[in-house]
Amino acid sequence: MKPSALVGDAVYWLLDEGGILELHLGKERLAPMETPTHAQSLYLSNIQLMEAEAGVLGFAGVKMYSLHLWAREADRDGTANWVLRTAINLGPFAPPPCVIPRIMLVPPIKILGVDEGGNFAFLRTIFGIFMLSLDGVLLKKVSDAEIMELVHPYSSFYVADNVSGVQVKSAAEVVISPGFF
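Under my numbering, the residue at position 52 of the sequence shown is numbered 82, and the numbers go up by one with no gaps.
I should point out that these hints are in silico values taken from the structure, not numbers from a laboratory. Watch out, some of these pointers could steer you wrong.
[To be verified] Restraint-style ranges between C-beta atoms, simulated for each label pair:
id, residue 1, residue 2, range
1, 180, 48, 15 to 25 Å
2, 170, 57, 37 to 47 Å
3, 56, 124, 40 to 50 Å
4, 177, 46, 19 to 29 Å
5, 93, 58, 33 to 43 Å
6, 57, 124, 39 to 49 Å
[Stated by the list, open to error] In silico SDA-like pairs for lysine to any residue, Cα to Cα no more than 25 Å straight-line:
id, residue 1, residue 2
7, 32, 169
8, 32, 72
9, 93, 64
10, 32, 115
11, 57, 146
Backbone N, C-alpha and C define an ideal beta-carbon position, used for all residues, glycine too.
Sequences are here, hints too, so could you generate the full structure?
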């Protein structure tokens, strides 16, 4: 199962059959919703839910050498629709021509996860695992692993300063006393 996405006061899961399940925590409501039209067939399940800009539900899909970023936006009537916001060219990940027949059995680029804020995507290629900033500014190789199906990235955590055995000296430094565990 792919990771869920927390957006505002709702948690979203991508369903195997192609829909999305929304659990709205404030309204205590569970409801299905659709993905962008033909998303399952277009992206061959190479998709991930995420938080998009402006705090709305987003959707990232990889088709061959292109990463498509969608957002669920309300129109003037208040009806929510999927809007393609960005397409990022992943051409630099294209393998040399002599390698192409070998990789056609699997997607040449697979999306493994998106961070909590929707800023970075993790992509598996024949060259390794890469972290790509979704504004297209940063590309960094993070692993040489070839067999990885999922990444659960997180961007931060909070440790209360009054927890026994834990002392917070600054936002960047947490000291755990011996015997805490």
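Distance restraint between residue 32 and residue 169, which requires alpha-carbon spacing of 25 Å or less: 23 Å, holds
Status of the given 37 to 47 Å range, CB of residue 57 versus CB of residue 170: 39 Å, holds
Cβ distance range 19 to 29 Å for residue 177 and residue 46, holds or violated: About 22 Å separates the Cβ atoms of residue 177 and residue 46, which means 19 to 29 Å holds.
Cβ separation of residue 93 and residue 58, checked against the hinted range 33 to 43 Å: 37 Å, holds
Holds or violated: residue 32 to residue 72, with C-alpha atoms at most 25 Å apart: Holds. Residue 32 to residue 72 sits at ~18 Å (cutoff 25 Å).
Residue 32 paired with residue 115 [C-alpha distance capped at 25 Å]: Holds, at roughly 22 Å.
Pairwise hint evaluation, residue 64 against residue 93, where the allowed Cα distance is 25 Å at most: Holds, at about 19 Å.
Verdict for residue 180, residue 48 (Cβ pair) under range 15 to 25 Å: 19 Å, holds
Pair hint residue 57 and residue 146, alpha-carbon separation not exceeding 25 Å: 22 Å, holds
Whether the CB-CB distance between residue 57 and residue 124 falls inside 39 to 49 Å: 45 Å, holds
Residue 56 versus residue 124 beta-carbon gap, inside 40 to 50 Å or not: 45 Å, holds
Checked against the numbered hints listed earlier, the structure breaks none of them; every hint is satisfied.
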